Amino acid sequence: MSEIEIEGGPRVPCADGDTLLAAGLRAGLGMPYECNAGGCGTCKVEVTAGSIETLWPDAPGLSDRDRRKGRVLACQSRPVGDCRIRLRLDPACVPPVPPRRQRARLIGAADITRDIREFRFATEAPAAFLPGQYAMLSVDGGPRRAYSLSNIANTAGEWHFQIRRVPGGAMTGWLFDAPPASVELDGPFGLAHLRPGTRDIVCVAGGSGLAPMVSIARGIAADPNDGRRVHFIHAGRAAADLPGAGWAEALIGLGARLDYRPVVSGDDTGGLPRGFAHEALAAFAAGRFDDFDYYCAGPPMMMQALEALLLVEQGLPASRLRFDRFF
Amino acid sequence: MNTETFLCRAADVPDGGALKIERAGRPPLAVFNVGGRFFVTDDTCTHGEASLSEGEIDADECVVECPWHSGAFDLATGKPCGAPCTIALKIHAFECRDGALYLLG
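Residue numbers (my numbering), protein chains in the order written: chain U, 1 to 327; chain W, 1 to 105.
Isolated chain U, as found in the complex (with noise of 0.2 Å):
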């Protein structure tokens, strides 16, 4: 156990092999963050006092200038021993819920799409968490990877998640050949979750971004005080990735407040409309994009164009937006 003091701030423990940024949230400070990996960038602090050892030098989410100036990735560093550090907390990333780690029993699996499968894990305390979250998975001494939910908050502890096969991949390789009975679970993190709010949503999801706006669309269905349709934009390289509006509808729940649109990149479109996910979302939203508030999960590319139709484009404000990128 070693001290972590905020220039101009609170001093708060980091428990042994804690990352910086996962003591500060731990105790509830905005430390500013997305990705907890070490591409995205944006949890870049300066080392003041005493020193951290640095989980991956060549972190992308650094840059030369970075480095040049002695920042550090607040999610790559951890302290040896007590430390200074310096950084612009933000009160909009608050840990709603703070994130802990605790131990989760492998209870069930099964597959959603060809190379989709839910892993359902589940801990002794209640399943705490905002939809559209994600937690940090690890086996003991092997690969942690972040991986989204796809169920909501519960009594029970069951926490789900729709992990996509990587071929190759260490952690899913490890998943989908030779489940283990239980893992690390660490979370909740993420600022991409479900707000309150008055227009109907859009949700994009790509491959494994499925996951996330499962949960956001099941956190609408289960609140009894939200009205909201959901728009559901579901964008596959194959009609094979696409279960089916029936398959979601039974997946989701919202019943007639679900408008579920599949579309397909490749040319095996099995009959579904044929496109990338921002070309379904322009066609759909066309004339009316203010009316919607909007959630997106998916690979780079397709975020890349999101974002480049609904802030560039559209110009709509950053905070209708809530994306969920993948590093």
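No false leads were mixed into what you were given.
The calculated lysine-lysine pairs, modelled on DSBU-like cross-linking and capped at a C-alpha distance of 35 Å, are:
1. W:90 / W:79
2. U:69 / W:79
3. W:90 / U:69
4. W:20 / W:90
Have a look at the derived ranges for each label pair, beta carbon to beta carbon:
5. U:227 / W:60: 52 to 58 Å
6. W:9 / U:143: 53 to 59 Å
7. W:35 / U:56: 33 to 39 Å
8. U:182 / W:54: 47 to 53 Å
9. U:92 / W:61: 26 to 32 Å
I should point out that these hints are in silico values taken from the structure, not numbers from a laboratory.
Only a predicted model underlies this, so the values are computations on that prediction, with no experimental measurement involved.
Don't be surprised by glycine CBs; every beta carbon is placed ideally from N, CA and C.
Knowing the structure of chain U, use the given hints to seat chain W on it.
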């Protein structure tokens, strides 16, 4: 029709500094002075709501760093050159005449 709008006097922007220009009903602009070279861009970072005129300027690379998350933009092109920024910053055409800067277009 081409129009031009007075932005500021060149002397209002110190070397190595920036000036925020508020505009009625339109996003604010930032005027940067890098060793006597001026640049006019949107003031609001494309990643968050931060004001880039409060950011750190790297004269050697002609880059401004956002004060919130140290994302960075090339002032000459607007291209993002430091995470977490991914969307280009809008660059505005201007004219410097008689010690004053005028926005064009």
